[in-house]
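Quick mapping for you: the protein sequence lines, in order, are chains A and B. Throughout the first sequence, residue numbering follows this note's numbering, covering 1065 to 1267 in sequence. Throughout the second sequence, residue numbering follows this note's numbering, covering 601 to 1367 in sequence.
Honestly, the hints are just simulated from the structure, not real lab data. Where hints are given, some of them may not hold.
[To be verified] List of simulated lysine-lysine pairs, DSSO-like, C-alpha gap at most 27 Å:
#	chain 1	residue 1	chain 2	residue 2
1	B	Lys1150	A	Lys1240
2	A	Lys1078	B	Lys953
3	A	Lys1193	B	Lys1007
4	B	Lys1016	A	Lys1240
5	B	Lys1076	A	Lys1193
6	B	Lys1015	B	Lys1079
7	B	Lys1116	A	Lys1149
8	A	Lys1240	B	Lys1126
9	B	Lys1078	A	Lys1162
10	A	Lys1193	B	Lys1146
11	B	Lys1114	A	Lys1162
12	B	Lys1150	A	Lys1160
13	A	Lys1185	A	Lys1240
14	A	Lys1149	B	Lys953
15	B	Lys1007	A	Lys1149
16	B	Lys1146	A	Lys1240
17	B	Lys1150	A	Lys1162
18	B	Lys1078	A	Lys1240
19	B	Lys949	A	Lys1149
20	B	Lys1146	A	Lys1203
21	A	Lys1078	B	Lys1007
22	B	Lys1146	A	Lys1185
23	A	Lys1160	B	Lys1146
24	B	Lys1078	B	Lys953
25	B	Lys953	A	Lys1162
26	B	Lys953	A	Lys1160
27	A	Lys1078	B	Lys1114
28	A	Lys1162	B	Lys1077
29	B	Lys1126	A	Lys1203
30	B	Lys1078	A	Lys1185
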Amino acid sequence: MSDFSVEQIKNLHKRFEQLSGNEETISRENLENIPALANNPIRRQIIGAFFDKRNQHQNEVGSFEEIGFEQFLMVMSHFRPPTLKTTEEERETMRKEKLRFLFNMHDTDNDGTITLEEYRKAVEELLSKSGAIGQEAAKAIADAAMLEVASTNVPHMAPDDFYEGITFEHFEQILKGLEMESRMHIRFLDVDTTTMHCGRSTS
Amino acid sequence: MAVLRLTRSSSGPRLTEFICVLLLVLVSVASASRDVVPGSNETWGNPARATQDDPHHQTNSTGHKKAFPVLSFHYEEVKKPLEISLWILLALLMKLGFHIIPRVSNVVPESCLLIFVGLLVGGIIKAIGGEAPGLDAKLFFYYLLPPIILDAGYFLPIRPFTENLGTILVFAVVGTLWNAFFIGGMMYGVVDLLSCLLFGSIISAVDPVAVLAVFEEIHINELLHILVFGESLLNDAVTVVLYHLFKEFAHAGTVTVADAFLGVVCFFVVSLGGIMVGAIYGILGAFTSRFTAHTRVIEPLFVFLYSYMAYLSAEVFHLSGIMSLIACGVVMRPYVEANISHKSYTTIKYFLKMWSSVSETLIFIFLGVSTVAGPHAWNWTFVIVTVILCLVSRVLGVIGLTYIINKFRIVKLTKKDQFIVAYGGLRGAIAFSLGFLLTDSDMKNLFLTAIITVIFFTVFVQGMTIRPLVELLAVKKKKESKGSINEEIHTQFLDHLLTGIEDICGHYGHHHWKDKLNRFNKAYVKRWLIRGERSTEPQLISFYNKMEMKQAMMLVESGSAAKLPTIVSSVSMQNIQTKGPARRRAIPSISKSREEEIRKILRANLQKTRQRLRSYSRHDLLIDPFEDVSEVRFRKQRVEMERRVSFNSDCDMSHYLTVPAKSQETPPVRKVCFESEHQIYTYDDSESPRGSAQASRPHPSSPDAVSLLDESPQRPSQRGALRTRGDAEVRAKAPDDKEEQDQLKLSRCLSDPGPKKDEEEDGSFLS
């Protein structure tokens, strides 16, 4: 959180005030009312992530009803990009942090694993804007994906064994090729919310 | 003949070498024959014509009659096609030869070897006394270059390209400009400024053919590859503008500010115009492919022809043909691939690879031949200074630009990356051809010599040393992508997530606009350009289908080749499927097309080694016999069941144990059947409503479990009043005819627990 520059914090604060209607906290409705989010298939999960206590890194579980600016900033900090000065170690931590964020988005019942049901739900949501074709195929895709995770991580299972769910280690393993620390970021360089209404941002 | 005395072990490569040499000689003779033979050809030609005229005279002449020529030699008539074919054949045999001789191809990149061969051929031709053909500029630009560019453009990896587009453009435009002016400016003094600048503009552009040829063999990581390669493609616009600009003004002699301004405008026109022309042809091609469902055979031709037309149309207006071709390929591809058949796709892929391969080979050979052939004006200082300046300007340009670019990039370019980008700036045949097109003869030879030297230097020295340098510097290599469905799911997920976060921040960044473009594409464009229901198919699903097809094909191939697949894992669907309540439908619903595929594949595979099917079934999603089975079999089996039931059950009594029910209006009867083949269970609770009682479910893998044949409740009129019980229902599938014949499995038969149709728990059921 301390890695944000003063400029960026100011901009985010401006945006926070805009969303909350100049209140101290924002609730889910405030976020749901953002018009641009309406087209996003995983809208619910994104909003849920903001109110998820696990993303505050204070070893709490559950969810908030409303969040303040500090919590808002904490969630945003997951999307910082690495700089030239970031060391290898720091990159590792960053990657873990971001993967953890994604993991929490899938693991809705907070039992430490992503079960087949949860994964199916996630894929269904992803395809939720694609109508009937999406729903049919979602199951098959989720099953195939789960099978892939199981086969890569635990290649030799006896027929009676049961693969409980994707643990965080397995999750890391399968997404290792994506280089999350460079991919999961947004450009905070010129976040200037006042230009939002005019259209294009300055970055 | 030495051939006959060769030992068997080494006869392969030696024979090839011998044939290569023979062909070399043949080609040289054929080309040289142009000068040497024409005289004799006429004498040969004439008798032929004379004999044809003769019949007219024959009737008049009294006795002189020539014998009918049984065998005559008409070389002139087939000369052109024959020469072309011989050259191409030579090129291909050389390519073949290099790969058979392994030691050489590991050290020296193919392009060097090919130039060397060209030099040899040129030397032989000159020795014979003929005139070696130079690299004709028209031949190069209209026939040899387009296939290579189309191949590159059609298969351009879009994601890394668009992610790094800013960097690529800066290198291509600013970098090339810097190179041209630096070299041209430094050379001032040798000749007048404008000619120098012209020379600079020719020599400054990184060449896509050379880059492709060298980089393809070293397999560096995607980022560097796309940076250098993208730069080599996009700098064409700059090259075209500068070349024409300076060529015009070299005659005029002076340049004014207005001219410079016009030059800048021209640049935008050339590049954007080229892209637009390409995009228009791309859309036309995509639209045409929508209607080719009934004429699949000509589908690939549309792709090739529209792209070639895009190139030629751009050349008509002196727009950038390369950018037009790239734009056409990129625009056309997603829509065309959704419309064409799989075979057409394979055809397109292989034809493009084939043509580009031949073109590349020919280009390098001709480079070699032209070197021997062309008139040279060797000027030590000019050449050496040119080579040094090229290197220096490239290094300086890359370092300077990277410094600026890194301020805007997220994934910064390290020093290693910069070195590879700088070192990979190879010059090639485009520079040579542009030089060839110059008309001013005294400058031309000077320039041509220098250009050839630079090309040789970059291709030989840099091309040969880049591979050990890459190893030495431990540059990241290309990672083997296995097409993981998890990665695809999460890539899409990330896209949506980042778009959402951007929206929450109120920040209209890359993801926002990309998302907008995608939605526009989906809502309007796809509907026009893609036929049928595929226009609404989301990307994840098409990816998944493609992967399934690939896996299925791999399975079929490996089944027949008696090879085990690389990932032998014993995990199958049952390991991850929870044994939940009976309600859940465990058959994944699948679409018709997937059914078809599965059926086809199963049919094909089952005809081969059946044993192996068993060992694969453990890990492969498609034919796990314990879980997923096509609905077709299910229906077939249902039909069979009905057939059996419709028979008088007395006939088949031996197979059934009908347990008599207690008296009731509709006594429930359970038939137990001895399953003789291996069983596949599906859990289907669709038929009748369930009470809350759930019997324990049978474990799917236990072969001893009883199989119950429960007739559906919709047929009460069948003999024996078959009504299902309210409890857990298992439909055992009678096997397909083609399934293996197992031993007769003894099944435990159960007694009907009781007539009451209440929700009583039954313990004596299936285990």
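Each hint, compared with the structure:
1. Lys1150/B / Lys1240/A: Roughly 23 Å separates the two Cα atoms, so the pair holds.
2. Lys1078/A / Lys953/B: Not OK: Lys1078/A and Lys953/B at ~55 Å, beyond 27 Å, violated.
3. Lys1193/A / Lys1007/B: violated (37 Å)
4. Lys1016/B / Lys1240/A: holds (23 Å)
5. Lys1076/B / Lys1193/A: Status violated; Cα separation ~38 Å.
6. Lys1015/B / Lys1079/B: holds (21 Å)
7. Lys1116/B / Lys1149/A: violated (34 Å)
8. Lys1240/A / Lys1126/B: violated (33 Å)
9. Lys1078/B / Lys1162/A: holds (24 Å)
10. Lys1193/A / Lys1146/B: Measuring from Cα to Cα gives roughly 21 Å; hence the hint holds.
11. Lys1114/B / Lys1162/A: holds (22 Å)
12. Lys1150/B / Lys1160/A: violated (32 Å)
13. Lys1185/A / Lys1240/A: holds (23 Å)
14. Lys1149/A / Lys953/B: violated (42 Å)
15. Lys1007/B / Lys1149/A: holds (13 Å)
16. Lys1146/B / Lys1240/A: holds (23 Å)
17. Lys1150/B / Lys1162/A: violated (32 Å)
18. Lys1078/B / Lys1240/A: At roughly 15 Å apart (the allowed maximum being 27 Å), Lys1240/A and Lys1078/B satisfy the hint.
19. Lys949/B / Lys1149/A: violated (43 Å)
20. Lys1146/B / Lys1203/A: With Cα atoms ~17 Å apart, Lys1146/B and Lys1203/A stay inside 27 Å; holds.
21. Lys1078/A / Lys1007/B: With a Cα-Cα distance of about 25 Å, the restraint between Lys1078/A and Lys1007/B holds, given a limit of 27 Å.
22. Lys1146/B / Lys1185/A: holds (22 Å)
23. Lys1160/A / Lys1146/B: violated (31 Å)
24. Lys1078/B / Lys953/B: The given pair, whose Cα atoms are some 20 Å apart, holds under the 27 Å limit.
25. Lys953/B / Lys1162/A: violated (40 Å)
26. Lys953/B / Lys1160/A: violated (41 Å)
27. Lys1078/A / Lys1114/B: holds (25 Å)
28. Lys1162/A / Lys1077/B: holds (25 Å)
29. Lys1126/B / Lys1203/A: holds (25 Å)
30. Lys1078/B / Lys1185/A: Given that 27 Å is the threshold and the Cα spacing comes to 34 Å, the pair is violated.
Hints 2, 3, 5, 7, 8, 12, 14, 17, 19, 23, 25, 26, 30 from the list above are not met by this structure, while the remaining hints are.
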